[in-house]
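Enquirer: Now for the letters of each chain:
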Amino acid sequence: MANLTSNFIGIKSPNPFWLASAPPTDKAYNVERAYEAGWGGVVWKTLGSEGPPVVNVSGPRYGAIWGADRRLLGLNNIELITDRPLQINLDEIKAVKRKWRDRALVISLMVPCDEESWKDILHRIEDTEADGVELNFGCPHGMAERGMGSAVGQVPEYIEMVTRWVKKHSRMPCIVKLTPNINDIRKPAEAAYAGGADAVSLINTINSITSVNLDNFAPEPMIDGKGTHGGYCGPAVKPIALNMVAEIARNPATRDLPISGIGGVTTWRDAAEFLALGAGNVQVCTAAMTYGFKIVSEMISGLSDYLDDKGMELSDLVGRATPNVTDWQFLNLNYVTKAAINQDDCIKCGRCFAACEDTSHQAIAMSADRTFTVKDEECVACNLCVNVCPVQDCITMVEVPKGGLDQRTGRKVGEYANWTMHPNNPSVAAAE
Amino acid sequence: MPNSPQTPGIVAQRLPSSQVAENFATYMPAYEAHEARVAADRCYFCHDAPCMTACPTAIDIPLFIRQIATGTPDAAAKTIFAQNIMGGMCARVCPTETLCEEVCVREVAEGKPVEIGRLQRFATDSLMAKGVHPFTRAADTGKRVAVVGAGPAGLSCAHRLALHGHTVTVYDRKPKAGGLNEYGIAAYKSTDDFAAREVEWLLKIGGITLQTGKELDRDMTLESLQSSFDAVFLGIGLGGVNALGLGGEDMAGVSNAVDFIADLRQASDKSTLTIGRDVVVIGGGMTAVDAAVQAKLLGAQTVTMVYRRGKEKMSASVYEQEHATASGVTIVYGAAPVKILGAGKVEAVQFAYESGETFTLKADQVFKAIGQTLVGEPIARDGKKLIKRAGKVWAGGDCAAGGEDLTVTAVAQGRDAAEEMNSVLMGSGA
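Order-wise, the sequence lines are chains A and B. Heads up: the first sequence begins at 1125 in my numbering, then just goes up one per residue. Heads up: the second sequence begins at 9 in my numbering, then just goes up one per residue.
The set of hints was computed from the structure by calculation and includes no laboratory data. What you are looking at is a predicted structure, and each value in this text was computed from that prediction instead of being measured. We put the CB at the ideal spot given by N, CA and C, even for glycine. Among the hints, a few may not be true.
DSSO-like cross-link-like pairs, simulated, lysine-lysine; straight-line CA separation at most 27 Å [said to hold, decoys possible]:
no. : chain 1 : residue 1 : chain 2 : residue 2
1   : B       : K212      : A       : K1434
2   : A       : K1151     : A       : K1418
3   : B       : K321      : B       : K197
4   : B       : K184      : B       : K393
5   : B       : K347      : B       : K321
6   : B       : K353      : B       : K393
7   : A       : K1418     : B       : K120
8   : A       : K1221     : A       : K1292
9   : A       : K1434     : B       : K138
Which bits of chain B does chain A cover? Going by a derived footprint, with three or more residues having C-beta under 8 Å, they are [to be verified]:
no. : segment
10  : 46-54
11  : 83-91
A short, non-exhaustive set of chain B residues, derived as facing chain A with CB atoms under 8 Å [claimed, not checked]:
no. : residue
12  : G79
13  : T80
14  : K182
15  : T199
Go ahead and model the full structure; you've got the sequences and the hints to work with.
Expert: In structure tokens, the structure reads:
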């Protein structure tokens, strides 16, 4: 059993699996059940200013997309921040933290964009002994209309300003939660860093409409005949989140800024991927909402076995893949592979042929008896056949070794050379 | 002219040995990795899952299936073994259709359960194939425990005791350990010497000494064990076999199904075993099904299982009954044996329906499978079974009250007895 103990910006937890600020962390009852199930930490659902709490809709709050067997692939929601009175939340947070000293408890905050509001809420939470704060600059629905959430997160200057206020009025570690509803994720991360943030967490949910009701002609989830865009999350958003985490991790301006990875983490493997790309820990919501808190058992056993198998510490994994994320222009143009179809595994469905013949490079031949073979002289190694093949590992990409002949180009495979060195690149020509 | 299914009498080689070998090898093939992932994907990860409640050893089934689904079968195996150290054998022999898979929400809703047993086999095979034992023995406690009977109950108990750091000696009257796993499970369910390999793997925990060929009341007494050990566990099974109480039972060609099943397990080339042309099996339990099906696999021309009560009372599950009929066995319900007919050797058996109507089945071989019984009078009994605890003596498995003639129940009782013994030995329990 690998040691999964995590220390994220000084906040210790028995494992790197935290529950994200969301409905599962809205009250003591849920949070205690989560801790009992083994979660390392939670970010308590976002608190707002003192005063009458926000109001949530009483119609459906979630929309979803599913696989054929009702596997939930993506979820969106239009729930706002906590609709419970501030003091009740504060009392519960304090009681829970006292009872569960070894677990991380971070408070998510979202108040109007003025220094007094932030100073006030920070003062009110000081007594809870929570481990840190997370600034919710990500929520894309409802609160953004009121100048909060992603309305702040989309303006780097506001992020820097508010972060500065928080660091000025609180000694707590400060995590800035970023919205993905922006063109370049590096800018808000740089702003948070400049404002003194101890870490960023990402991604918050993505603006979305999951489906349209074609009888009532309204988006789902539908409230009395109307719908609005909600925040998209779950397994479907993971690739987007992974890229954004990697962009921040490899940005020279923010490479020292710790990251809490969020976005579709459902299994140990998802978590390991976020960690490898530079996240110091991960936050989870949709998987817990779909399967219950118990899924953390699988995340713990899986990550532990993986680390043991690799002979690595948790800290060895964090950022291990970051140096291998690069720009397209630095990819080796002299790396040549060819698809190879294992005839013993092939079930002769012909999907590779259809994909290659209709949409790619006509590099697969089909015989009268449905034997499919790769034409090396046509194959550009696009990998589409591998991806559409229903049999895992039936089609693989085999490297043509250096000095070997590429049947397609008629040239021998050469040494590493990328676009910046390529004669077709006008910039290269200009430099000569 | 070689023998064939039509050859009269009790003879060997009714089928070519390659055919017999194939018959015994193809019952339930193991999953390929891809098949396992697809099967695992069907699990809904139910809350407070009914399958887990139905499992006598309470394996966390949704968790282990999720661990398979996420590509960590070794973690899945650990989840299984933590509750049931013989999860490998149970994956092969559990009547899952009446336990976990019967209550799977997808069985209830669709009539098609998640294939929990086969998934369990995939996970346990994966870890055992690496020769890895997933647990580490605690520091030696200095306590010594005798376990009588190296069957599922005894070995499960011994393993859990050893895990807690106790030193265990396991006695068994047979030359090999494993009990019914080694001698009583149908050969086609435990192929490739699995029972023996499982014992060897289980003993890797350390702290367990195996003494085979040692029988209670012959080589040692309960009193001698009580005086030389800190505690004793009896997992002696049911050594006796019920008799029909009919004339002609000792005729040539009439034998106990359990002996036939044991001979099959110990034979390396099963085609060398003799089998009748017309075989009659009397009984309605798993032993009867196993004998009947295997008689068919050896090449008997007709095999008829006769059970004195109706189909719904049969202790062999509907799945097992269907497996028997699909294998070519005819099942007759509601008929009791009246007379065994023959001169020196059996020629036929006469049966009577409840109505009194009689009929006669031609038979050159008859297997009796109407239940096993406890032998000896070692300690206090509750009816026909041992009470589970008396003094510093515990009991579990088929010999004990609550034993159900199931490997998985025996494993659970052995494990639970070990936990209780541990509490008592270490002074934290009554």
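Enquirer: Run through the hints listed earlier and report the numbers of any the structure violates, in increasing order.
Expert: 6, 14 and 15
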